[in-house]
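Colleague: Residue strings, one per chain:
Number of protein chains: 2
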Amino acid sequence: MAEMRLALRTAEVIAVGSELLGWTRVDTNSLFLSERLASLGIQLTLKTVAGDDRDRLADVFRHALDRADLVVLTGGLGPTDDDVTREVVAAVLELPLIEDPSIVERIERRFARRGLRMPEINRRQALVPKGATVLENANGTAPGLLIEAGVRVVVLLPGPPRELQPMMEALVSGALAERATAERLYRRVILITGRSESHVEEAVQPLYSRWRTASPPIETTILASPGQIELHLTVRAPSAAATQAALASATAQVRDAIGDDVFSTDGRSLEEIVGDLLRSRHLTIAVAESCTGGLLLSRLTDIAGSSDYVLGGVVAYSNAAKTQFLDVSANLIAAHGAVSEPVAVAMAEGIRSGTSSDVGVAVTGIAGPGGGTPQKPVGTVAIAAVGPDGLARVRTLLFPGGRALVKFQASQEGLDMVRKMLIAGC
Amino acid sequence: MAEMRLALRTAEVIAVGSELLGWTRVDTNSLFLSERLASLGIQLTLKTVAGDDRDRLADVFRHALDRADLVVLTGGLGPTDDDVTREVVAAVLELPLIEDPSIVERIERRFARRGLRMPEINRRQALVPKGATVLENANGTAPGLLIEAGVRVVVLLPGPPRELQPMMEALVSGALAERATAERLYRRVILITGRSESHVEEAVQPLYSRWRTASPPIETTILASPGQIELHLTVRAPSAAATQAALASATAQVRDAIGDDVFSTDGRSLEEIVGDLLRSRHLTIAVAESCTGGLLLSRLTDIAGSSDYVLGGVVAYSNAAKTQFLDVSANLIAAHGAVSEPVAVAMAEGIRSGTSSDVGVAVTGIAGPGGGTPQKPVGTVAIAAVGPDGLARVRTLLFPGGRALVKFQASQEGLDMVRKMLIAGC
Numbered sequence: 084m085a086e087m088r089l090a091l092r093t094a095e096v097i098a099v100g101s102e103l104l105g106w107t108r109v110d111t112n113s114l115f116l117s118e119r120l121a122s123l124g125i126q127l128t129l130k131t132v133a134g135d136d137r138d139r140l141a142d143v144f145r146h147a148l149d150r151a152d153l154v155v156l157t158g159g160l161g162p163t164d165d166d167v168t169r170e171v172v173a174a175v176l177e178l179p180l181i182e183d184p185s186i187v188e189r190i191e192r193r194f195a196r197r198g199l200r201m202p203e204i205n206r207r208q209a210l211v212p213k214g215a216t217v218l219e220n221a222n223g224t225a226p227g228l229l230i231e232a233g234v235r236v237v238v239l240l241p242g243p244p245r246e247l248q249p250m251m252e253a254l255v256s257g258a259l260a261e262r263a264t265a266e267r268l269y270r271r272v273i274l275i276t277g278r279s280e281s282h283v284e285e286a287v288q289p290l291y292s293r294w295r296t297a298s299p300p301i302e303t304t305i306l307a308s309p310g311q312i313e314l315h316l317t318v319r320a321p322s323a324a325a326t327q328a329a330l331a332s333a334t335a336q337v338r339d340a341i342g343d344d345v346f347s348t349d350g351r352s353l354e355e356i357v358g359d360l361l362r363s364r365h366l367t368i369a370v371a372e373s374c375t376g377g378l379l380l381s382r383l384t385d386i387a388g389s390s391d392y393v394l395g396g397v398v399a400y401s402n403a404a405k406t407q408f409l410d411v412s413a414n415l416i417a418a419h420g421a422v423s424e425p426v427a428v429a430m431a432e433g434i435r436s437g438t439s440s441d442v443g444v445a446v447t448g449i450a451g452p453g454g455g456t457p458q459k460p461v462g463t464v465a466i467a468a469v470g471p472d473g474l475a476r477v478r479t480l481l482f483p484g485g486r487a488l489v490k491f492q493a494s495q496e497g498l499d500m501v502r503k504m505l506i507a508g509c
Numbered sequence: 084m085a086e087m088r089l090a091l092r093t094a095e096v097i098a099v100g101s102e103l104l105g106w107t108r109v110d111t112n113s114l115f116l117s118e119r120l121a122s123l124g125i126q127l128t129l130k131t132v133a134g135d136d137r138d139r140l141a142d143v144f145r146h147a148l149d150r151a152d153l154v155v156l157t158g159g160l161g162p163t164d165d166d167v168t169r170e171v172v173a174a175v176l177e178l179p180l181i182e183d184p185s186i187v188e189r190i191e192r193r194f195a196r197r198g199l200r201m202p203e204i205n206r207r208q209a210l211v212p213k214g215a216t217v218l219e220n221a222n223g224t225a226p227g228l229l230i231e232a233g234v235r236v237v238v239l240l241p242g243p244p245r246e247l248q249p250m251m252e253a254l255v256s257g258a259l260a261e262r263a264t265a266e267r268l269y270r271r272v273i274l275i276t277g278r279s280e281s282h283v284e285e286a287v288q289p290l291y292s293r294w295r296t297a298s299p300p301i302e303t304t305i306l307a308s309p310g311q312i313e314l315h316l317t318v319r320a321p322s323a324a325a326t327q328a329a330l331a332s333a334t335a336q337v338r339d340a341i342g343d344d345v346f347s348t349d350g351r352s353l354e355e356i357v358g359d360l361l362r363s364r365h366l367t368i369a370v371a372e373s374c375t376g377g378l379l380l381s382r383l384t385d386i387a388g389s390s391d392y393v394l395g396g397v398v399a400y401s402n403a404a405k406t407q408f409l410d411v412s413a414n415l416i417a418a419h420g421a422v423s424e425p426v427a428v429a430m431a432e433g434i435r436s437g438t439s440s441d442v443g444v445a446v447t448g449i450a451g452p453g454g455g456t457p458q459k460p461v462g463t464v465a466i467a468a469v470g471p472d473g474l475a476r477v478r479t480l481l482f483p484g485g486r487a488l489v490k491f492q493a494s495q496e497g498l499d500m501v502r503k504m505l506i507a508g509c
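Protein chains in written order, with my numbering: chain A, 84 to 509; chain B, 84 to 509.
Rather than coming from a laboratory, the hints here were simulated on the basis of the structure. Some clues are possibly wrong.
To be verified - What the simulated footprint calls covered on chain A by chain B, stretch by stretch (three residues with Cβ under 8 Å from a Cβ of chain B suffice, anywhere in the stretch; the number is not a length): (1) 140-153; (2) 185-197; (3) 217-230; (4) 301-307; (5) 387-393; (6) 461-468.
Said to hold, decoys possible - For the chain A half of the interface with chain B, some residues (derived, Cβ under 7 Å), not all of them: (7) Ser-101; (8) Gly-105; (9) Leu-127; (10) Leu-129; (11) Leu-474; (12) Val-477.
As the list claims (entries may be wrong) - Straight-line distance between alpha carbons at most 25 Å, and here's what the computed SDA-like set of lysine to any residue pairs gives: (13) A:Lys-503 to B:Leu-199; (14) A:Lys-459 to B:Gly-388; (15) A:Lys-503 to A:Asp-472; (16) A:Lys-503 to B:Asn-222; (17) A:Lys-459 to B:Pro-179; (18) A:Lys-459 to B:Leu-199; (19) A:Lys-213 to A:Ala-232; (20) A:Lys-503 to A:Ala-232; (21) A:Lys-503 to A:Glu-313; (22) A:Lys-213 to A:Glu-313; (23) B:Lys-213 to B:Ala-265; (24) A:Lys-213 to A:Glu-285; (25) A:Lys-503 to B:Arg-245; (26) A:Lys-213 to B:Leu-199; (27) A:Lys-459 to B:Arg-197; (28) A:Lys-503 to B:Arg-193; (29) A:Lys-459 to B:Lys-213; (30) A:Lys-503 to A:Arg-476.
Bear in mind the structure is a predicted one, so any value in this text is a computation, not a measurement. Glycine included, C-beta positions come from ideal geometry on N, C-alpha and C.
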């Protein structure tokens, strides 16, 4: 092509639809678009959700054009008065809308196939801004549009995912690929447990500046939720080969700085990692729970194929159940309290011997909001794991947060204790 | 207050965080904010998701200030370099940032309670734009901020929902309520299980047009997810009195049309409803699970105070565990298969007599992806409940979807079977 064109590096997505501004529906198209754009090395830099208000949409679209190389608008291409995207875009770009008879015909045929005549309002879907490329919609009446707006590119896609996705795939292997740079984005997610965000940040901070000035440079994002810290590493480079080495080396540096608290570097969840460790060593597991109420075992059994290594478990809320199902002696409970390290160990041993499993893990604690004491406040949890070697590991932790968070963090720590026991080779 | 202030009618939300621009995470805080703002009659007119880029965030914030009465920014208040919200807002509003020693102290205390020293970087969270009101954060280190920017209001809230939500609730009953108009939105959510979306839609469709023309008119939204249909009724009016009568009458009409499959009309979840039914009748419950892997019991124990009526449970994945912990005879399993109504009933009876509970509920099925047969395909689940009367109810269902969805739907049906048994008065 003779004409000079801008290589597309940045994109903004504008999702149009008042329903997306309520409290029940979230725009998920942008996740798909973000991933497909990244595969072309185009970075999604901003997302907007706009309603059906013409002026506000025009304002937002104008600003997006000022900032990004590519603007993708989704939704608002239907036949009704509320569907304003086509008209707003044409008005901002000062392009006349012209009815395309071949689109009218296609829509008429779609209706005819279901024995219906096309309602007159659908004619609006055949309006095309002058010079735009029409993108065929195999799964609906609204065609998409691609518009060259000076050096920028504007794409309009219908809102329903099953209409939008095939059209976007066609663009990614066609018109957008031609306009992308030679570079692509590569990403690695490192998952860490057992540390606070600030402590992870302190440990890896010295690496950031090294990575930022490396070639290729590595960008980082840190994300914290209770019981789990995520470190996202992103590289922009022309080929997978160079980046994989850079990402592998950066991952190794994080492992050096953080140690065994790094539990995943390949997208697997903690329950998946534990399951894979058990499976590879042909070991079985059983779980005894009190305050987690079945959550630990439920997470283990979320993994397909977990019936190969999960034998089962007991949720013993009452002291009587602890004695009956787990053979924990009433004297031990009386001496130390139900939330104590000796009882946690006895529970883990009880479920292990009761099911003849290789690994037994147990959690007993106070999830709250009631039940706390000055000595054992809400959030106090004793966790024990007994391995194939028959030896018990046990620790007591104090988790912050409400009931659901205490349950989750305790289940996370229980799984992690098993993981650490298994990677230590016991 | 003598000073004239703008009544807040429109709001924009800006969610800050590069992770929200990737393909794994969606901003859900804005749903909560939209609903809470609507309760004050403040309409959410635009949402933006911005990354950690200062210039782009400044640009977006400036435009939001031009359009909306209230701008709420969420996220980006953490202690790291990526957390830019505080600084960008202060820069755009031309307010100096001043360290607030009382915030430093509060953060130090938070760390000290867990036996940790405050990392130096957390000091950034104590920076306050001059004149801003500090919003205390009961669940984290980052305080929120409320800034009067001329006639506009700007609110900064931390990203984690458990930190953001209580702060927003405090604003909704306090500073924002003072600034709202006289109209409010009132909402009622009706939860239904055991029916498909189209069956619910058919049953309630005749009510829609009646409601739309009523005074005040009632708007409806129907939302379907596997195992649960939600019907949202919304009224905009100047006072609660008139709307409550209208919403109560509409709710009664839905109950007439749908019957007992309506399980909640007051915001309570199914596990909460079941818990309240058990508590009010002084009954206890125990659970035997196979394919749900602890999920049913974990849901029951998500409710605060559930230790009053939950005795415990057993997850018996293997046939041996079913026999050992639940006293299910090996012959019965051999004759009917582990996934069968006789085995489900025996499991429910076994856990009930083993724990001496009033109610026993059991789930056995094939969650997939493996384990299906032509006679019992993946998704086949037998569910049994035995009540205080000692009688068993049992049914077999075939649930669509993958492993996680089968688990959830089976737990939902198990809970609902207990609910229907208890409201039938047995």
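Colleague: Any hints this thing doesn't respect? Which numbers, in order?
Modeller: 2, 3, 6, 7, 11, 12, 16, 17, 20, 22, 23, 24, 25, 26, 28, 29
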